[in-house]
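Chemist: Residues per chain, in single letters:
Protein chains: 4
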Amino acid sequence: MKFIKDPVHGYVEVPESLLPLLDSPPVQRLRHIRQLGFSYLVYPGANHTRFEHALGAVHLARLMCSHLALDQSDVNLATAAALLHDVGHGPFSHTTEPLMREWSGRGHDDIGPFLASGPLAGPLEAACLDPREVAAVIGGTHPLSPLIHGDLDVDRMDYLQRDAHYTGVPYGTVDAPRLIKSCILEPEGMVIDENGINAAESLLIARTLMRPAVYYHHVSRIASSMLLLALQEHREEGGAGAADNLLATDDAGLLQALARSRSATARELAGRLTLRRLYKRAVYVGGDRVNPQALQSDLSLRKMRRLGMEIAEMAGRSPAEVIVDIPPVPADIMTAVRVQYGGTTSRLEDLSPLVHTLNRTRRVQWRMGIYAVPEAVPDVARAATEVLHVKRATTQDRLVVD
Amino acid sequence: MKFIKDPVHGYVEVPESLLPLLDSPPVQRLRHIRQLGFSYLVYPGANHTRFEHALGAVHLARLMCSHLALDQSDVNLATAAALLHDVGHGPFSHTTEPLMREWSGRGHDDIGPFLASGPLAGPLEAACLDPREVAAVIGGTHPLSPLIHGDLDVDRMDYLQRDAHYTGVPYGTVDAPRLIKSCILEPEGMVIDENGINAAESLLIARTLMRPAVYYHHVSRIASSMLLLALQEHREEGGAGAADNLLATDDAGLLQALARSRSATARELAGRLTLRRLYKRAVYVGGDRVNPQALQSDLSLRKMRRLGMEIAEMAGRSPAEVIVDIPPVPADIMTAVRVQYGGTTSRLEDLSPLVHTLNRTRRVQWRMGIYAVPEAVPDVARAATEVLHVKRATTQDRLVVD
Amino acid sequence: MKFIKDPVHGYVEVPESLLPLLDSPPVQRLRHIRQLGFSYLVYPGANHTRFEHALGAVHLARLMCSHLALDQSDVNLATAAALLHDVGHGPFSHTTEPLMREWSGRGHDDIGPFLASGPLAGPLEAACLDPREVAAVIGGTHPLSPLIHGDLDVDRMDYLQRDAHYTGVPYGTVDAPRLIKSCILEPEGMVIDENGINAAESLLIARTLMRPAVYYHHVSRIASSMLLLALQEHREEGGAGAADNLLATDDAGLLQALARSRSATARELAGRLTLRRLYKRAVYVGGDRVNPQALQSDLSLRKMRRLGMEIAEMAGRSPAEVIVDIPPVPADIMTAVRVQYGGTTSRLEDLSPLVHTLNRTRRVQWRMGIYAVPEAVPDVARAATEVLHVKRATTQDRLVVD
Amino acid sequence: MKFIKDPVHGYVEVPESLLPLLDSPPVQRLRHIRQLGFSYLVYPGANHTRFEHALGAVHLARLMCSHLALDQSDVNLATAAALLHDVGHGPFSHTTEPLMREWSGRGHDDIGPFLASGPLAGPLEAACLDPREVAAVIGGTHPLSPLIHGDLDVDRMDYLQRDAHYTGVPYGTVDAPRLIKSCILEPEGMVIDENGINAAESLLIARTLMRPAVYYHHVSRIASSMLLLALQEHREEGGAGAADNLLATDDAGLLQALARSRSATARELAGRLTLRRLYKRAVYVGGDRVNPQALQSDLSLRKMRRLGMEIAEMAGRSPAEVIVDIPPVPADIMTAVRVQYGGTTSRLEDLSPLVHTLNRTRRVQWRMGIYAVPEAVPDVARAATEVLHVKRATTQDRLVVD
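Protein chains in written order, with the working numbering: chain A, 698 to 1099; chain B, 698 to 1099; chain C, 698 to 1099; chain D, 698 to 1099.
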C-alpha cells in the first residue's frame, strides 16, 4: 500500500496492484494536464491536475467499494477505472474535447481502443484486468459504472471539493462520507437512501453554482476559444504532431507546438495565451436575447468559424480577430438520481424542488459570446448583433428562457 | 482597538468605543446562550454562543460600513447594533421565542424598552448612542437596518459560516467578502450589483440546505418541545424567576430553575434534557399527509398542548408524555433581494430559478411532529393519526404540498 | 454503528457495543464541561466540551487499533477507555484538578473505584468490560495504556487539533494519520518508526506552542484562580453539594452553587466570573525574577492562600482581593517517545534538537502570577514584590532559568 | 482596485497602479514556474506557482504597510517589490539557482540590471517607480527591505501557508495577522513587540519542520539533481536558448529544450523527469557519517560532477548514471529577529529555547545523497562509500553533528 498526501482527503492509499498503472506514461502524463483548463487565468490557484484528481477518485472509490462490500475483483476493477477514468482527456481537459470529438468522433471517456492497444495494455494485463471491462466501467455500460460515471459518482464528489480547494470558490462543498454511506448499488443504477438526500441535493446544487463562477467563467471561455481557433489554423497549415495526436501531448506541449506552428495565427494566439493577452467580449448574451435552439441547428466548430469570419468581414477586421462561442444548450439531465424513501423509490427531483429547477437553472446560465481583439470590440459588437440577430436588452422578458 | 481571535474570521477588531457595551452584563450573558439551542444534542460541536456570533457580526458590519463608505456616526450606530442585535434572545435562542412572544407579545429583535431602561442604557449613553435609534436599526425600521436585519445581512453571513464551522455540516459556506463588495445601500433597501449574484444565490441556498440538516433537525425539535412544555408547566405551578424573566437567565440557569421547579413534570423534563433521555417521534409527517394550513388556524402553544393531552388520553398515557409540535408554515419571503443588472433593478428570484424555488422548498421541508416517551410511541402514533387526521402514506402524491 | 458528525474528524463511528456507555450519565455529563476550562474568556470560540473530545478520542483509537491489528477484545477495551478517559474530570476540567487532588488525593485519571461502583458499573458489565481493566488502561498501567495515556496518545492527537479548531490558534496542527501509521506497540510502550519522526516532532512542538498561547494564558489562569478561591471559601462556610462532590456537577452547576453559597466571597467571585469582571495581574514574572524551586517547596493551595492573605494585609486590602498563583514547575517529560530508526531504537529527543529543548522551553514558559481586584493592583504589586522577593527586572539575566 | 480570488487569503486586492506590472511578461511568466520545483513529484497537489505567491506577498505587504502607517510612495514601492520579488527565479525556482549563480554569479534576488533594462523598465517607469530602488528593496539593502527580505517577511509568511495548503502537510501554519500587528520597523531592521513572540516562534519552527518534510525531501532533491545534470550536459553540447537564458523560459519550456537537446544524456534525463522515472538513493547520510565541512571545501557543481564520474567509474557504470548531491551546510541564521520586551530589545533566540536550537536542527537535517539509476544502486552504494569515506552506521554517535 502506497500512501500519498493529498490536501483534500488527507492521505490517499493506492494498493500495490495499481502501482504499475500509476507509474505508466498515460497516468503520469495527467500530472501535466490542468483539471480546469484555462481557469488558472481567472483563479491563480487553479493549477491542479488530472493526476491528483485521479488519486482522489481512487480514494473515494475505495470508500465506496468498502461501503458496498464489493468482492475483491470488483474492487480492483472499480479502483482501476477510477485511476484511469480521465486518461482520455486531451490537453487543457474539456477545452480540447470539441476538437477531439470532431476529429476522432470520440469523447474523453470512450477509451476502449486506447486501453486495449496502447501503453496501458501491458500494465492492465499485469494487474489481471480486462481492458474492455475497464473501458466499459468508464464508458458507462458496466454494472459498476454508477460508481465512476453517474450523477453521484466519485468523479464528481472529488472534483467539486478539489476545485473549491484550489480556486478558493466556496461552493463546492460536498459531504462525501455521508453520501457514500447512503449509496445502494442496484442493477438499474445507484440509489441513495433517505439519509443521503441532503448530501445529494447539496452536491447537485454545488455543481450548478460552480458552473457560472468557475466552469463557464467568460475569461476561461475566451481562452478556450482562442486555443481551439489556434488548433484549427495550425491543422489547416499542415500542423501535425501535437495537434493531431492530442492524447500524446499535454498543456505545455500543445502551447509549444502552436508557438512553432507554420500558421501565423496559431503562433500569435499561443503567444497571447501564454502572456494572458486575451480577447475581450464584444457580445455576451443569454437566451433572452438570442434563440439558443435556432443557433444550434447544425452547429459545428466549422460553422462557428464561418460566422466569426462573416462578422469579422462586416466589422472590417481580419478573420482571426473574431471568435464565435456558442456552447451547447445544456441537455436536461439528472433524472437518474433515485431515492429509497418510505418503502418506495422516487426520483430525487420529485422530492426536492431545488433539484427540480437545476435543469432550468442550467439553461438560464447559458451564454453566447463573441470575442475580439480589444481594439475591435465596438465594431465587432455592432456586426455580431446584426449577423446573429441579437435582440436589444429589455427589462421585461430578460430571463424568460424556456 | 481590541483584537479578539475568532476561528471563523481570524481576528475581530472591536473599537474602543464599543468596549463598555462589550463588557456589559447583557452582552456577557450571551456567552452562556448557545447559538443553536439544542442542536448540540445532534452535533456535539454546536456549543458556540450568541456572544461570538455578535463579535462576528461586528466584524462583518465594519467591513460593510467600510465598503459603503459610511460616515463615522453611522459606523458607530451600525457596529453597536451588530453587537447588540441578539441581546433580546431568551435561553437556547430561538427555542424559547414562541413562549416569550406569547407571554410578552414581543420577539427577540423588539428591544426598544430593554435598551432604553435596562443595564445597557448607561453604556449606550457613554458611547453617545441613542437607544431608540439602535433599537430601530435592529428592529428593521431604520435606513441602516438592511445591514443587520435583511435577507443578506451580516447576521446571516456570520451565522451560516459559524454554524458550519461548529457543526461540521458543509452547507453553510458563504463568500462574505464578495457579497459585501457587491452591496449598494439605497433608500429602499440593500441592492447588490451583478458581481454579487452568485454569492447571494449561494447564501440563500445555504440557508435553505441548513434548515432540515441543522435548524429543523427532529432531535433538536424534540428537545425544544420538551423545554417549552417544561416551562409552561413550571409557570402554571407558580414558577417565577427564570421562567418569567427569560432575558435575565441563560441556558444552564433555565435548566436549573426547571430542575428545582414545584412542577414534577418540569423537573422530570429538565432531567431528561440534561442526560439526553429524549422523547421519540410517534408521528413525523409533511404537507403531503396533513393539511398545514388547517392545522395552523388559531394555532398557539395552548392549542398544541390541548391536542397533546387529547392524544395522550386516547393513548392511555399521562398528559406530559405526549407533545405536539406544529411549526409555522414558512411564510413566503426573500422577495426583498434586488439586483442592479444591465441598467435596471430586478428581484433576485426573477433572475435565479434556484432562488425562485426556495419558498417552495421551505414548504416541502415543513414537518409536523408528535413526540412521546419511547415506551408509548406505538400507542401515541395510533391516537395521533386519528386525532390529527393524518393521511396514510402513498407513493403518488407524497410531496405535492402547494 | 452510530455515525456522529464532528467538525474535526468528519464523522465519528461509535460501535453499537459502546452505546450504553455513551448514553450513561457520566459520559453525557461531559457535554457540560468545557474542554479548556475558562479559556472561553480569552478565545470566545473555546466552548467545546469533554464530550466531543471523548468522541474524537474514540475515532482515533479505532484508527490506531486497526493499524495495530489488535484483536476484537482489545479493540473493545481500548475504545471504551478512550470514551471514558475523562469522566474523572471535575467542572472546568483541569481547573478544579488541584482541589480534587487535595481533597481526595486522586487525579482525574485515577478512576478505578468510580468505574467499579458508580453509574458506569452497569453499562460496563453490559458491554462485557472489566472496570478494573478499563481503569488500568486509562491510568497508565495496562499494556494498552500507550494508546490513551502516553506522549503520543489519541488523547493528545485529538485535543491539539480540536483546541486549534475552536480557539482559532493555528499551532495545534497534527498529522494524526501519519503518526498512527508509524506506531508500533511494544511491551515496553509505543514506538514510532522513521516515517513518523516529523509528525511526532510536530505534535510535541505544537503542544509546547499551545501552552503560553492557550493553556497557560494569563486570563485563563486568573479566572481559574478565582474559581479555586471561591470553592475553598465555599467549603469553609460549610458549602456542601456541588463543591464536595465535583464529579456530580458540571461547569454551570458549580458556578450556580457558588452563586448561592453562604460565603459572601464565593458569591462575589461567582458573579465576577459570570460577567467576566476579572482580577488583574499585579505581578507576573518568570524564573528570571523569582526562584521557582524555592517557591514550590511544600507548596499547597493552603500555602498560596496564606501568602495571598499576607500580601493583602501588607497592601491594606481585604484577604479575598489578592490571589497567589504559583503553578508547578513543569517536570521533565517526554523521554518516553522512542523511535525505530536504522535498526535500533532511540529516544526521539536524541534525534531531534527541537524536541530536546522542549523541557527547557516549558521551564522558560513558567510564570508566577499575583492577581488582584483592578483598583488594588499598584499596592498589591508593591507588597507582593516584597513578600515574594521578586527581583527587579534586568536585561542581563532575564531568562536564565535553569 | 482589482480583486483576485486566492484560496489562502480569500481575496487579494491589487491597486490599479500595479496592473501594468502585473500584466507584464516577466510577472505572467511566473504562472508557469512552480513554487516548489519538483515537489509535485512527492506531493501531487504542489503545482502552485510563483505567480500566486507573488499576489499573496502583495496582499500581506499591503497589510504590513497599513499597520506600519507608511506613506503612499513607500506603499507603492513595497507592494511593487512584493509583486516582483521573484521575477529573478529560473525554471523550477530554487532548483536552478545553483546553475544560475555559477553561470552568472547572481542569485534570484539580485535583479537590478534586469529591472533597469528589461521588459519591466517600461511598466516601472509608468508606475513612477525607480528600478534601482525596487531592486534595493528586493535585494536587502533598502530601509523597506525587512518587509520583503528578512526573517519575518511577507515572502515567508505567504509561502509557508501556501505550501501547506497545496501539499497538505500541516506544519506551515502561520498567524500572519498577529505577526504583522506586532511589527515595528526601525532603522536597523524589523522588531516585533511582545505580543508577536508566539507567532514569530511558530513561523521559524514551521519553516524548520517544512525543510525535511517538503523543501529537502529526497525525491525532490533527486529530481532537482537530475535536472541540473541535464542542463550541464546540454550546455556542454552547445545547447543554447533556454539553457543559457533561464530567465526567459519556464518549467515546461526548459524540459522541452532538454528533450530536444543534442546531448543524449539531457534527452534521457528530461524523459525520465517527465514520466517520473527517477534515480534512487544509493547513499543518503547525515553529518554523523560524513564530514560536511570537509566535503564542502571548494564545492562546486563541477566538483560534484567529477566525484559522480569517479564513483560511476569505480562502480562500472556510465558517468551519467550517478549523481552526487552535497547541499550546502546550513549557515547559522536568524540572529536578526529582535523583540521589544520589558523595555529593552533582545534577540528572539535569547528568549526562546526552541528558536535557539533551530540552527542546530538545520544541521541535523542536512543530508548528502548519491543517486543512481535503480539497477546500479548496490554497486554505486559500495563505490560511493569508499570514494566519499562514508562511515559505517553506528548507534552511538549517529547524530553528533556539530
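There may be inaccurate statements among the hints.
Any copy will do: because identical chains look the same in the list, a pair fits if it lies in one copy or spans two.
Below, computed lysine-lysine pairings styled on BS3-like, alpha-carbon distance capped at 25 Å [claimed, not checked]:
id	residue 1	residue 2
1	K977	K699
2	K977	K878
3	K1000	K977
4	K878	K1088
5	K1000	K878
6	K1000	K699
7	K699	K1088
8	K977	K1088
Treat the hints as calculated values from the structure; they're not laboratory data. Computed from a predicted model, the values in this text were never measured in an experiment.
Chemist: Please go over all the hints and tell whether each is borne out by the structure.
Modeler: Hint check:
In this homomeric assembly, K977 and K699 come within 25 Å of each other (Cα to Cα) only across copies, at 17 Å, whereas the closest approach inside a single copy is 46 Å. In this assembly of identical chains, the alpha carbons of K977 and K878 lie at most 25 Å apart only when taken from different copies (24 Å versus 46 Å within one copy). In this assembly of identical chains, the alpha carbons of K1000 and K977 lie at most 25 Å apart only when taken from the same copy (21 Å versus 53 Å across copies). Within a single copy, K878 and K1088 get their C-alpha atoms no closer than 49 Å, and across copies no closer than 31 Å, so neither meets the 25 Å cut-off.
Taking the closest pair of Cα atoms, K1000 and K878 never come within 25 Å of each other, the shortest separation being 47 Å inside a single copy and 41 Å across copies. Taking the shortest alpha-carbon separations for K1000 and K699, neither the intra-copy value of 49 Å nor the inter-copy value of 36 Å comes in at or below 25 Å. Taking CA atoms no more than 25 Å apart as the test, K699 paired with K1088 passes in neither setting, with 58 Å inside one copy and 31 Å between copies. When the C-alpha separation of K977 and K1088 is checked against a cutoff of 25 Å, the pair qualifies only within one copy, where the shortest distance is 20 Å, while the shortest distance between copies is 59 Å.
Taken one by one, the earlier hints fail for this structure at numbers 4, 5, 6 and 7, listed in ascending order.
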